[in-house]
Amino acid sequence: MSKQINVALIGNPNTGKTSVFNALTGLNQKVGNYPGITVEKKEGICKLPRGVKAHIIDLPGTYSLNASSLDENVVIELLLNKTDKDFPDVAVVVSDVENLKRNLLLFTQIKDLEIPTILVINMSDRMAYKGISLDIEYLEEQLETKIALISTRKNKGIDGLKELIRSYKELSTKPCMDASSIDVPYFDNLRKAFPNQLLYKLWLVITQDVNFGKTDRKTFDKVEDFKTKSKTDLKRLQQKETIKRYQFINETLKKGQTIDLKSAKDLRIKLDRVLTHKVWGYLIFGIILLTIFQAIYDWSSIPMDFIDSTFASLSEWTKNTLPEGAFTNLLAEGIIAGLGGIVIFIPQIAFLFLFISILEESGYMSRVVFLMDRIMRRFGLSGKSVVPLISGTACAIPAIMATRNIESWKERLITILVTPFTTCSARLPVYLIIISLVIPEGRVLGLSYQALTLMLLYLIGFGAAVGSAWILNKILKIRSKTFFIVEMPNYKLPMFKNVALTVLEKTKSFVFGAGKIILAISIVLWFLASYGPGEDFNNAEQIVTEQYASESLDDDELQQKIASHKLEHSFIGIAGHAIEPAIRPLGYDWKIGIAIVSSFAAREVFVGTLATIYSVGNDKVETITNRMAKEVNVKSGKPLFNFASGISLLLFYAFAMQCMSTLAIVKRETNSWKWPMYQLVLMSAFAYIVALVAFQALK
Amino acid sequence: MTLADLKRGQQGIITDVSSIHIPLKLLEMGCLPGNSVELVQVAPFADPMYLNINGSHLAIRKETAIHIQIETTNE
Chain A
3 MSKQINVALI GNPNTGKTSV FNALTGLNQK VGNYPGITVE KKEGICKLPR GVKAHIIDLP
63 GTYSLNASSL DENVVIELLL NKTDKDFPDV AVVVSDVENL KRNLLLFTQI KDLEIPTILV
123 INMSDRMAYK GISLDIEYLE EQLETKIALI STRKNKGIDG LKELIRSYKE LSTKPCMDAS
183 SIDVPYFDNL RKAFPNQLLY KLWLVITQDV NFGKTDRKTF DKVEDFKTKS KTDLKRLQQK
243 ETIKRYQFIN ETLKKGQTID LKSAKDLRIK LDRVLTHKVW GYLIFGIILL TIFQAIYDWS
303 SIPMDFIDST FASLSEWTKN TLPEGAFTNL LAEGIIAGLG GIVIFIPQIA FLFLFISILE
363 ESGYMSRVVF LMDRIMRRFG LSGKSVVPLI SGTACAIPAI MATRNIESWK ERLITILVTP
423 FTTCSARLPV YLIIISLVIP EGRVLGLSYQ ALTLMLLYLI GFGAAVGSAW ILNKILKIRS
483 KTFFIVEMPN YKLPMFKNVA LTVLEKTKSF VFGAGKIILA ISIVLWFLAS YGPGEDFNNA
543 EQIVTEQYAS ESLDDDELQQ KIASHKLEHS FIGIAGHAIE PAIRPLGYDW KIGIAIVSSF
603 AAREVFVGTL ATIYSVGNDK VETITNRMAK EVNVKSGKPL FNFASGISLL LFYAFAMQCM
663 STLAIVKRET NSWKWPMYQL VLMSAFAYIV ALVAFQALK
Chain B
9 MTLADLKRGQ QGIITDVSSI HIPLKLLEMG CLPGNSVELV QVAPFADPMY LNINGSHLAI
69 RKETAIHIQI ETTNE
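Which chain is which? The protein sequence lines are A and B, in order. FYI, in my numbering the residues of the first sequence are 3 to 701. FYI, in my numbering the residues of the second sequence are 9 to 83.
FYI, nobody ran anything at the bench for these hints, they're computed from the structure. Don't take each hint at face value.
Unchecked claim - Below are the DSS-like pairs computed for lysine-lysine, each with C-alpha atoms no more than 27 Å apart in a straight line:
id	chain 1	residue 1	chain 2	residue 2
1	B	LYS33	A	LYS231
2	A	LYS176	B	LYS33
3	B	LYS33	A	LYS412
4	A	LYS237	B	LYS33
5	B	LYS15	A	LYS267
6	A	LYS264	B	LYS15
7	B	LYS33	A	LYS44
8	B	LYS70	A	LYS412
9	B	LYS33	A	LYS43
10	B	LYS33	A	LYS246
Please take these sequences and the hints and turn them into a complete structure.
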């Protein structure tokens, strides 16, 4: 078998790089992480003509090889390290036909690294619309490359690109311009000192901090001695370099590209007159958010009811079909009940990811950043904090990673610290089940009370995030340079393939990530609930029978009493009673207490835990919601999940920091345990106090 | 005048960019002397500013815009 061709996809953000990746690999792709860092690594396999295969990496989007973030650094480190197993045989630079000038800057830098390079000009379907025509032959000659003019939207030119990748050995490795003329003596000296090294590679090493493979390290250690210029001088030289590159690009495009402005139409400007307007912009944004929440609520109720009843009958079927015994009980009461608690939320989570990816794909998210920057800055945040705060409604983990493009460290740190307040999808299971129990049905202005309560909880989460940001901004004494650049890309109709793949990928990782934790916790809980120490548990039958000997109970009732006596004296019952004094003022009983404690691993465990605790020893199989509705407070005789305790629970989950994965990611991104520990303690303490006040005021 | 003084819909040419205050990234996106610039839209309080610089559509804050010198080309 011949070796696979290593291909790296490189390009500016918003050029449709991911669409090209999807077009080449289809479903043969996986998302992982670069070792040691949390930058997403997308790779896939593409079948080329004549049985050749290519291994494709979709590198993070970058405007140039001068990295200003962790994500961008990944690109440089790969391109400079020839010993990396992913080092590309061929670089595919993806550009957008409408922004060719700017996209070519990165292209000229990559050519300077003398890697075989293909230039992809994407979105060619827009050329007529924009009045653009290109002289491909001339451009190929000037840029020392082969060009693939493609349209991922119309699925055109992909085969041509595959053919170019297959025959990558024919590509030129000559740079298309000479950047060293910006300071001839300096570069001459450099060339003499390191005769075996690429000049541009040296220049990149001098101007920024990059890590290399072992083989290169020795050579580049000497470069340290070569930093003869001051930082300001180096920055000035980098500016000169940028200008030089643009001069070359302008020259090239003057002949290679003609734009007939008369036939060009600009929908973007027209749309932005309204969508970024001082009044209409905000109004439309509000309506979009409202619609999303209503839709998440309405559209997912049918599949959710279906999943709920399916799992209930699956559990029942298992009990009736398999031989009786501990294993069957573990399966039916522990595992299936626990898993049902997560699978049921797939519809809602998928819808949430669907809307978020449409907002991002369409280009609308940048407008929100623009609209919100001034407002967010008052709270010590950046307009770009809106993206983490919105995508935090799906999951705080990718949201915290999305803070990387916030240029100011202080704004970024505050965003990281407050993002876990936004209502993530793991809170959704808890919210939905409690809302359905304690909030009455009914509608006002076409919106259901339950949907409005959910919307309110999202607003509370957002409010808590912004409010705590304001406080942090006052407390934290960090001086950091702030600047803010956000591209306003063209509006695009989201491509079905891209949206579908995102939703699939994210939902999958949510379900499997959470599924593992839930499965483990369900099993442990089942054991703790099914076994117990001492007389009270082991002789439960005898004790209960004697206790109720005078009352004439039928068999069912007696069995019920025995089961609950057993549960009370199981390991989990004992632990639950121990913590009960701390949570009783909040309106909870010991079972909810156990669910809350196990939720500190991950919030969505709450429902699964209750499902497991309730179904242990219970012969009748019911849906989780029905079971919870029947639960009675032993002291008052009223339903356990009433308005007061329900609101108290909702508020507790809104504020408490119950997610180990988030704490781990905060540790990684801030490089210290200090910040995640602050989050854990302060958020949870705040949650306790608010829940306490709410229950005491409402009961 | 600086970019911060531009009115909505007005166009100009960038004449000078203060290298200490302007990040390299902005230059790479086309904010260079000689390039054209148009103010497309402003957020409330005229900040941030939504610009069309040489075909690149981007938004920057006013505090950055005051370091970019321009000359207007239309009224």
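Is it true that the CA of B/LYS15 sits at most 27 Å from the CA of A/LYS267? Roughly 23 Å separates the two Cα atoms, so the pair holds.
27 Å Cα cutoff - pair B/LYS33, A/LYS43: Within the cut-off at roughly 24 Å; holds.
Mind checking the alpha carbons of A/LYS264 and B/LYS15 for me, to see if they're no more than 27 Å apart? Between A/LYS264 and B/LYS15 the Cα gap is close to 25 Å, so the pair holds against 27 Å.
Given hint B/LYS33 paired with A/LYS237 - CA-CA distance at most 27 Å: OK: A/LYS237 and B/LYS33 at ~12 Å, within 27 Å.
Given pair status - A/LYS44, B/LYS33, alpha carbons within 27 Å: holds (25 Å)
Given the hinted pair B/LYS70 and A/LYS412, is their alpha-carbon gap at most 27 Å? holds (19 Å)
Would the pair B/LYS33 and A/LYS231 pass a check requiring their Cα atoms to be no farther apart than 27 Å? Holds: B/LYS33 and A/LYS231 sit about 21 Å apart, inside 27 Å.
Verify the proposed pairing of B/LYS33 with A/LYS246, using a straight-line Cα cut of 27 Å. OK: B/LYS33 and A/LYS246 at ~15 Å, within 27 Å.
B/LYS33 and A/LYS412 were given as a pair; does the straight-line alpha-carbon distance stay at or below 27 Å? holds (19 Å)
Hinted pair, alpha-carbon criterion (27 Å max): A/LYS176, B/LYS33. Please report holds or violated. holds (26 Å)
The structure shown violates none of the earlier numbered hints.
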